[in-house]
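Trainee: Line order of the protein sequences matches chains S and A.
For the first sequence, the numbering used here gives the first residue as 2, with consecutive numbering after it.
For the second sequence, the numbering used here gives the first residue as 2, with consecutive numbering after it.
Hints are supplied without guarantee of correctness; some may be wrong.
Note: identical chains are not told apart, hence a pair may lie in one copy or across any two.
Stated by the list, open to error - Computed cross-link-like contacts, DSSO-like style, restricted to lysine-lysine with a CA-CA straight-line distance of at most 27 Å:
hint, residue 1, residue 2
1, K20, K394
2, K24, K394
3, K428, K148
4, K428, K394
5, K671, K24
6, K628, K148
7, K394, K148
8, K337, K24
9, K628, K670
10, K37, K394
11, K331, K428
12, K671, K20
13, K331, K368
14, K368, K173
15, K148, K337
16, K41, K628
Keep in mind the hints are simulated off the structure, nothing from the lab.
Number of protein chains: 2
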Amino acid sequence: MPLQRVLDADSVAVIGASKNETKRGFQAIDTLLAEKYDGKIYPVNPKEKSILGLPCYANINDIAEPVDIALVATPARTVPAVLADCGRKGVAGAVILAGGFGELGAAGRRLEDEMVAVAREHGIRLIGPNTSGMMNLKRNLNLVGLKNVPRGDIALLTQSGNMALTLITEAKLKSRKGFTYYVGVGNEADIHFHEYLEFFGRDPDTRAVLMYVEGMREGRQFLQQAYRTTKNKPVILLKSGRSSTGKRSAGSHTGALAGMSEVARGAFQRAGVIVIENSDELFPAAETLSSLPPIRHNRVAILADGGGHATIAADLLTDLGLEIPQLGDKTRRRLKEILPAQASVPNPVDVAGGTDDNPAIFAECAKIILADSNVDGLLVVGLFGGYGIRFAKSLAFMEEDAAHRMGRMVAKGRKPIVFHSLYSSEKPHSLDLLRYYGIPVYDSLDVACKCISLLAHYGRFLSSYHAKTNFVFNWREKARPRGEAIIHRAASEGRTSLFEHEAKKLLALHGVDVFENQLATTADEAVAFAERVEGPVALKIVSPDILHKSDAGGVMLNLSSQKAVRRAFDDIMANARRFNKTADIRGVIVSPMVEAGIEVIIGTKIDGQFGPVIMFGMGGILVEVLKDVAFRVLPISPFTASRMIEEIRSAPLLDGYRGQPASDKKALKKLLLKCSELIESYPEIEEMDLNPVILHPQGVSIVDARILLKSQRSGDANAGDA
Amino acid sequence: MPLQRVLDADSVAVIGASKNETKRGFQAIDTLLAEKYDGKIYPVNPKEKSILGLPCYANINDIAEPVDIALVATPARTVPAVLADCGRKGVAGAVILAGGFGELGAAGRRLEDEMVAVAREHGIRLIGPNTSGMMNLKRNLNLVGLKNVPRGDIALLTQSGNMALTLITEAKLKSRKGFTYYVGVGNEADIHFHEYLEFFGRDPDTRAVLMYVEGMREGRQFLQQAYRTTKNKPVILLKSGRSSTGKRSAGSHTGALAGMSEVARGAFQRAGVIVIENSDELFPAAETLSSLPPIRHNRVAILADGGGHATIAADLLTDLGLEIPQLGDKTRRRLKEILPAQASVPNPVDVAGGTDDNPAIFAECAKIILADSNVDGLLVVGLFGGYGIRFAKSLAFMEEDAAHRMGRMVAKGRKPIVFHSLYSSEKPHSLDLLRYYGIPVYDSLDVACKCISLLAHYGRFLSSYHAKTNFVFNWREKARPRGEAIIHRAASEGRTSLFEHEAKKLLALHGVDVFENQLATTADEAVAFAERVEGPVALKIVSPDILHKSDAGGVMLNLSSQKAVRRAFDDIMANARRFNKTADIRGVIVSPMVEAGIEVIIGTKIDGQFGPVIMFGMGGILVEVLKDVAFRVLPISPFTASRMIEEIRSAPLLDGYRGQPASDKKALKKLLLKCSELIESYPEIEEMDLNPVILHPQGVSIVDARILLKSQRSGDANAGDA
């Protein structure tokens, strides 16, 4: 398995080992010994004979046994030479702690490139540089120097040492969970996010992957890997650095493409990644998702011992898209039997004092509610855990009994329970018991609601998995040879855009139903082309030197006679000459006039992190003023194309607003998919704009199509990002 | 002061006093004794001689001394008789614990009405019924039975006993704060939210009011009071029961007017109330706002000891509308002097290890940053409080030194500091010290960011206080006599709506620039009116029996000759007869055709909680499909009218989109204000619709105006809500 020798290393050389307790070269060895690493430890430092009782080597090549990885604790400038030594020794990987590389700008970047070149030459994989390190808690291989990290089933992958510390501290103080691995990716100079994700995805002991990300180098590969991993285990991610100040703080170099954070969120979600916006929810999300089965049908019951919490929870779950179904007759009858008359037994269920002298009734209620076939999961909110604290100690024993019973219910029944308890921070034993059974307990009502909603969210993803694009980014080769000819001709003429008729030809090659214009170089040709069209026509100038055709008087509409066409041709030529004396004028194209309908816009561009993205929106003010658009990373599936069409706010207009006929959404969907195919087929394309596209009751018309090609410069920029 | 004898009672009779430890009649006396209430306690129960060592009275009238309030712990059905006894004794108030009143529906409602009638007759003010009780923690007057409630400077006003328990528990476990008063408003049968708010507003020991609300009976009076109170102290409120399930859970009877929760939030915010959406933030908001001065200019600095927290905080504060300004040159130079080379000193400031061996440097940094005139407040995020835990005990003393210094800084400097600490839940002494100085500390980064943003939010409210409507709801009398005549004529004819020309007349009376139609009863009259109009005219039918004029063929447009007008008149009459043989046809109105322009809609209606509200939006799909509208509770100020116009998403269209001329926003604003005045002047109006209103480069045209009057039935419904 890739990375196995690195992350499951049987032996570690600590290069820059030290006797000074404040140095990482000391702390790392000290921690490995204290935590009882089950592999071999080799301190390397030419100035020492032994460190912490271990023999110290002058050079890694002095070690007789094989060495799997090196922890490099020496300064940045020494790293290339150290790696050359490591390479001769045949290590599989190195953890580079030092900062002073790419994050410092051009000079650091050069050093980073040099380091990576040495590593590649010797086949060494690098973690970092500029990282807090790595831990394999199954092997007690702790290269971070932080002791007593709880062991468990979550893999932690972050781009910030103090976020790792935050999450580890939270696990320790507020849960019974812990970690299989931790990796601080640092500058991601060699091993990228997706490679770690693949490894954690295959690790049988890891039940969820928890990520904090500021920026990603290989977004597309990550999406592809995430799509595979999330099918088997949840991946939870918080992405920061959205705001410009946040970016300044993160030192991120991602392009500031407007709406990009929307694109990123959408892309992650489509790949099944659970995207968290609120850092309070990050660890709880991983706790819940690694402990409980997903909810398949979105229907949740609330069990409360008071109205306020029930009301707030009902509001929140509704906002989070969950259903709070009415309970069945039988369920309500059975609840009525064990609860006082004033109890409320629709959903939410409010026990209304029914548990005051016996909180074990919570378990009875939970059993009855979870037996209801309308209910897929249960959220318990309120005071559970505090009856023994607030009232009498004996009630605590009843709470513990209830905890055992609910724990067994969850283990057997496959319907999850999540708890909110006001008394969580007082750490009553009953709540610890719930956690022992994998039932998470939160003192925040908001977090508890969010967590149960994520089980439903992940359940929805899993149940519609096959409807999604599989995020395999292989360029399609189908229509490519003929399309390439068009693109190459433009490129050979030094053009960075296709003419409108070339762009339409390219679309037609991929099966798009578009009127294929031909170039008319004389008035006679224009008239001849117009004759072949039914109804009036439009003439548009074709010139590489005239981009905004209307401004140059290069567009004439609604021409319905030979005479009109001939005159329009002459006028356009004259206008163009007047507009730009030296313009290279190729002729005009003749198009049929398009019937009225609903205007939409489709566009694509290349994003620095995720590659090609597509945008769809309604024409005119809806896009330009109201920004009512949908974005997706390409390629898109039929499912995703439908979702894009439905998710814009003005979507009802497509169904025939105010007596107008409904638009042909099927044709629109097909067009979006064809655009996806086209952009996949030609990596040479930088941007495509179909604007406007007119939707009819049957079919769509592409009125104008513009395709920009990558210039050498922009090609370089992309290569740099990759 | 109103309510003083009730909330600051010198003596309490406990009616339904008991020796049974499980009864509220026992717990209340036990708690009053245990907490050392400084007034007199009189148990009342005809079956007992003494309870808990206090002499017990058979009837409240057997008590020789005066009694300020009664705690009524007897069942619902006994309450009217108990109150009659209390009335004879001359008590000022009663706390009614029992449920079984209005919340149970019609029968309970009758009992509640009976109870309130007895109370009013005797001048007794009621807290509840269906309440957990009341506490005055300054006097140790604790009528709830919950012991050890922390004392402090926050007044707590809730509609849910378990939310009160949540907030009190949070105060105890996570802060050094506490409460002056607690009131559970219960069914709000007599004393309403605004009366408690007025009392807390005047209480010199209360520095903030913390509220949990599910539904309000007197929304308008609350807004009016809130506007006065929030000028002097912050009022923090969470309103639940938004979703339909939440409403079901809350048992709320508020009308389900679409967008109502938006109206409520907007109205509260305009009255200066800090509206909290997330229950995790509710207590922290009160803690921060009661402890620290507001931020006046919205500019905040972030001080961090690691990149991840700084980045997340920068994102969050930006989302929350705060500025994170670059620090001044001098500030940066001084920070550079005390921090290591790798530290980042724009804003956020990342000490980058500079505090590892001396966390007291946080105080130095804070001092330098707060001295910067570009900075109005400081958020410190990260590990502070944990240096002594994670590294060496001696570092804890340095943290404590820093806490003292920052505490004194805040006390002197009037610039607030808020802390996030990863180690908050480990309760290090340094963080307790910060809280002692009024510097709040949160273990949630999100909550810390939200809290500092609320200081800025409240500061903005205070600095623009006079620009807001003062929420005084006195009906204006100016144009009323003549307007009344129009309304009364319609009412006397049994109509529940005004004719279009009557509605326009009413608008004109209030100074709205509208074409005043006259009723033409013959074709000759119609022609004569048309002569007086410049350009073509429109004719519209006037009949109380024809509401949808176009559907009945009752509208003819673009008539530009006498002949056309005459024929249109005859056609309209014939169409109307055909449409409804028995229709009462009054004639037609003649209007000038309105020039094209941008269509908007203005509407008003009566909301069950807040009275008259106004809606403004762009005509057509923007309102109907995209719901792009702004709502406000009336009356509105010029400031608010401008905000309504600016806040709709399609607002840029008013500024002249795509080469069209800009619309007359001044005239639109004036029209909104006139609508506000008109609706204030005539409480008889149920709904008004100006649809469409056409905006021109100069002026606006009201094409159609519809005014519905309150029917007797709807008048009753409103009385019921009041």
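Trainee: Evaluate each hint against the coordinates.
Mentor: Right, here's what the structure says about each hint:
| no. | hint | verdict |
| --- | --- | --- |
| 1 | K20 / K394 | between (53 Å within a copy, 22 Å between copies) |
| 2 | K24 / K394 | between (50 Å within a copy, 19 Å between copies) |
| 3 | K428 / K148 | both (23 Å within a copy, 20 Å between copies) |
| 4 | K428 / K394 | both (14 Å within a copy, 26 Å between copies) |
| 5 | K671 / K24 | neither (61 Å within a copy, 71 Å between copies) |
| 6 | K628 / K148 | neither (50 Å within a copy, 55 Å between copies) |
| 7 | K394 / K148 | between (36 Å within a copy, 17 Å between copies) |
| 8 | K337 / K24 | between (66 Å within a copy, 24 Å between copies) |
| 9 | K628 / K670 | both (20 Å within a copy, 26 Å between copies) |
| 10 | K37 / K394 | between (41 Å within a copy, 25 Å between copies) |
| 11 | K331 / K428 | neither (36 Å within a copy, 48 Å between copies) |
| 12 | K671 / K20 | neither (67 Å within a copy, 79 Å between copies) |
| 13 | K331 / K368 | within (13 Å within a copy, 66 Å between copies) |
| 14 | K368 / K173 | neither (31 Å within a copy, 34 Å between copies) |
| 15 | K148 / K337 | neither (52 Å within a copy, 32 Å between copies) |
| 16 | K41 / K628 | neither (59 Å within a copy, 67 Å between copies) |
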